[in-house]
Amino acid sequence: MKIGIIGSGNMGSALAKRIALAGHDVLLTAKDRAKAEAVASGIGPTVRVVAAGDVARDADIVIAATPAGSQAEALRSAGDLNGKTVIDIANPLKPDMSGLSVGYTTSFAEELAKTLPTARIVKAFNTTFAQVLSEGADFGGDVRAAVFYAGDDDKAKKAVHALIESMGFDAIDAGPLSHARYLEPMGMLNIWLGYMAKRGTGIAPTWLVRRHKAASKRAA
Numbered sequence: 001m002k003i004g005i006i007g008s009g010n011m012g013s014a015l016a017k018r019i020a021l022a023g024h025d026v027l028l029t030a031k032d033r034a035k036a037e038a039v040a041s042g043i044g045p046t047v048r049v050v051a052a053g054d055v056a057r058d059a060d061i062v063i064a065a066t067p068a069g070s071q072a073e074a075l076r077s078a079g080d081l082n083g084k085t086v087i088d089i090a091n092p093l094k095p096d097m098s099g100l101s102v103g104y105t106t107s108f109a110e111e112l113a114k115t116l117p118t119a120r121i122v123k124a125f126n127t128t129f130a131q132v133l134s135e136g137a138d139f140g141g142d143v144r145a146a147v148f149y150a151g152d153d154d155k156a157k158k159a160v161h162a163l164i165e166s167m168g169f170d171a172i173d174a175g176p177l178s179h180a181r182y183l184e185p186m187g188m189l190n191i192w193l194g195y196m197a198k199r200g201t202g203i204a205p206t207w208l209v210r211r212h213k214a215a216s217k218r219a220a
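Anchor point for the sequence shown: position 12 equals 12 in our numbering, and the numbering is continuous, going up by one each time.
Rather than coming from a laboratory, the hints here were simulated on the basis of the structure.
Cβ atoms here follow ideal geometry from the backbone N, Cα and C, with glycine treated the same way.
Keep in mind that the hints are not guaranteed to be accurate.
Said to hold, decoys possible - Here are the simulated DMTMM-like cross-link-like pairs (lysine to aspartate or glutamate), alpha carbons at most 25 Å apart as the crow flies: (1) Lys-114 to Glu-135; (2) Lys-158 to Asp-173; (3) Lys-2 to Asp-58; (4) Lys-114 to Asp-173; (5) Lys-155 to Glu-165; (6) Lys-2 to Asp-173; (7) Lys-2 to Asp-80; (8) Lys-2 to Glu-165; (9) Lys-155 to Glu-111; (10) Lys-2 to Glu-37; (11) Lys-31 to Glu-111; (12) Lys-114 to Asp-153; (13) Lys-2 to Asp-25; (14) Lys-158 to Asp-170; (15) Lys-31 to Asp-80; (16) Lys-114 to Asp-80; (17) Lys-158 to Asp-60; (18) Lys-114 to Asp-58; (19) Lys-155 to Asp-54; (20) Lys-158 to Asp-25; (21) Lys-114 to Glu-165; (22) Lys-35 to Glu-135; (23) Lys-35 to Glu-73; (24) Lys-35 to Asp-25.
To be verified - If you anchor each label on the Cβ, the simulated ranges turn out as follows: (25) Ala-197 to Asp-58: 37 to 43 Å; (26) Gly-9 to Arg-76: 16 to 22 Å; (27) Gly-141 to Ser-101: 35 to 41 Å; (28) Leu-208 to Thr-46: 29 to 35 Å; (29) Thr-105 to Glu-73: 20 to 26 Å.
I would like the entire structure built from these sequences, with the hints used as guidance.
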């Protein structure tokens, strides 16, 4: 797949690295082109820096790796998004990081979808720190970090699921886009644990399933 990424900060560069390592082509754009060029050269030839208006044209999926307040503007500048799968990774934090600026009866993702009604918005990666993306999903043993995603368009969700799995993460379908109302508070909790509780940014939520192996063997 060709993945367009808007932004070359911590999340943008980590996503570009992990997506490129998964074998996809990355089209990267950012306000600071020199910084984007430095990120691309540090990853390899499958990451190409393009002008903002060209990032969506050839991309199968577009990711706006920008703060929530900049995301709508960044996506509008990306080119024609009609029918395009767009991943919203944002957590709409208050300026002092004390909580979310929107939520519970709606979500940032739902409001973004209203702003960009012809795009196919999927919420994903908002519960995943850049450090985890950069270092990979393997937490040892059989434990892999999960990426939760939510959206209303089945085709878009299948594409995002395939991208997440190709990056080595467990892809967990969290339901319709309205369930971003749950994912964004989960992202806030992850941020609180990482920064305020000082657990660091090498943490990630996941979803474990007990297989009851012993019980199955006895039944056999």
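Here's how the hints hold up against the structure:
For the hint pairing Lys-114 with Glu-135, the CA-to-CA distance comes to about 34 Å; that exceeds 25 Å, so the pair is violated. At most 25 Å may separate the alpha-carbon atoms for a hinted pair to count; Lys-158 and Asp-173 meet this at roughly 10 Å. The hinted pair formed by Lys-2 and Asp-58 meets the criterion: a straight-line CA distance of about 7 Å does not exceed 25 Å. Of the pairs offered as hints, the one joining Lys-114 and Asp-173 holds, with about 22 Å between alpha carbons and a cut-off of 25 Å not exceeded.
Only pairs whose Cα atoms come within 25 Å are accepted, and Lys-155 paired with Glu-165 is accepted, the gap being roughly 16 Å. Restraint check for Lys-2 and Asp-173: satisfied, since their Cα atoms lie roughly 22 Å apart, inside the 25 Å limit. Of the pairs offered as hints, the one joining Lys-2 and Asp-80 holds, with about 15 Å between alpha carbons and a cut-off of 25 Å not exceeded. Taken as a hint, the Lys-2 and Glu-165 pair is honoured in the structure, with Cα atoms around 15 Å apart against an allowance of 25 Å.
Taken as a hint, the Lys-155 and Glu-111 pair is honoured in the structure, with Cα atoms around 21 Å apart against an allowance of 25 Å. Simply put, Lys-2 and Glu-37 have alpha-carbon atoms about 18 Å apart, close enough for the 25 Å limit, and the pair holds. Under the criterion of a C-alpha separation no larger than 25 Å, the hint pairing Lys-31 with Glu-111 is consistent with the structure, at around 24 Å. Between Lys-114 and Asp-153, the direct Cα distance comes to roughly 14 Å. Compliance with the 25 Å bound is thereby established for this hinted pair.
Using a Cα cut-off of 25 Å, the hinted pair Lys-2 and Asp-25 holds, with the two alpha carbons roughly 5 Å apart. As the CA atoms of Lys-158 and Asp-170 are separated by approximately 14 Å, the hinted pair is consistent with the 25 Å bound. Annotation: proposed proximity of Lys-31 to Asp-80 holds, straight-line Cα distance about 19 Å (limit 25 Å). With a CA separation close to 16 Å, the supplied pair Lys-114 and Asp-80 stays within the 25 Å bound.
About 12 Å separates the Cα atoms of Lys-158 and Asp-60, which keeps this hinted pair within 25 Å; it holds. Proximity of Lys-114 to Asp-58 is assessed by CA-CA distance (about 24 Å); at most 25 Å being required, the pair is judged to hold. This hinted pair checks out: Lys-155 and Asp-54 have alpha carbons roughly 23 Å apart, not beyond 25 Å. Taking the CA atoms of Lys-158 and Asp-25, the gap is about 18 Å. The hint holds against a cut of 25 Å.
For the given pair, Lys-114 sits about 28 Å from Glu-165 by alpha-carbon distance, which is inconsistent with the 25 Å threshold. Proposed proximity of Lys-35 and Glu-135 is supported: the alpha carbons are some 21 Å apart, at most 25 Å. With a CA separation close to 20 Å, the supplied pair Lys-35 and Glu-73 stays within the 25 Å bound. Taking the CA atoms of Lys-35 and Asp-25, the gap is near 19 Å; set against the 25 Å cutoff, the hint holds.
Between Ala-197 and Asp-58 the CB atoms are about 42 Å apart, so this pair conforms to the stated range of 37 to 43 Å. A hinted range of 16 to 22 Å for the beta carbons of Gly-9 and Arg-76 is consistent with their spacing of about 19 Å. At about 38 Å, the beta-carbon gap between Gly-141 and Ser-101 stays in the expected band of 35 to 41 Å. Restraint check, Leu-208 to Thr-46: a C-beta distance of roughly 33 Å satisfies the suggested window 29 to 35 Å.
About 24 Å separates the C-beta atoms of Thr-105 and Glu-73, a value consistent with the hinted range of 20 to 26 Å.
Of the numbered hints listed earlier, those contradicted by the structure are 1 and 21.
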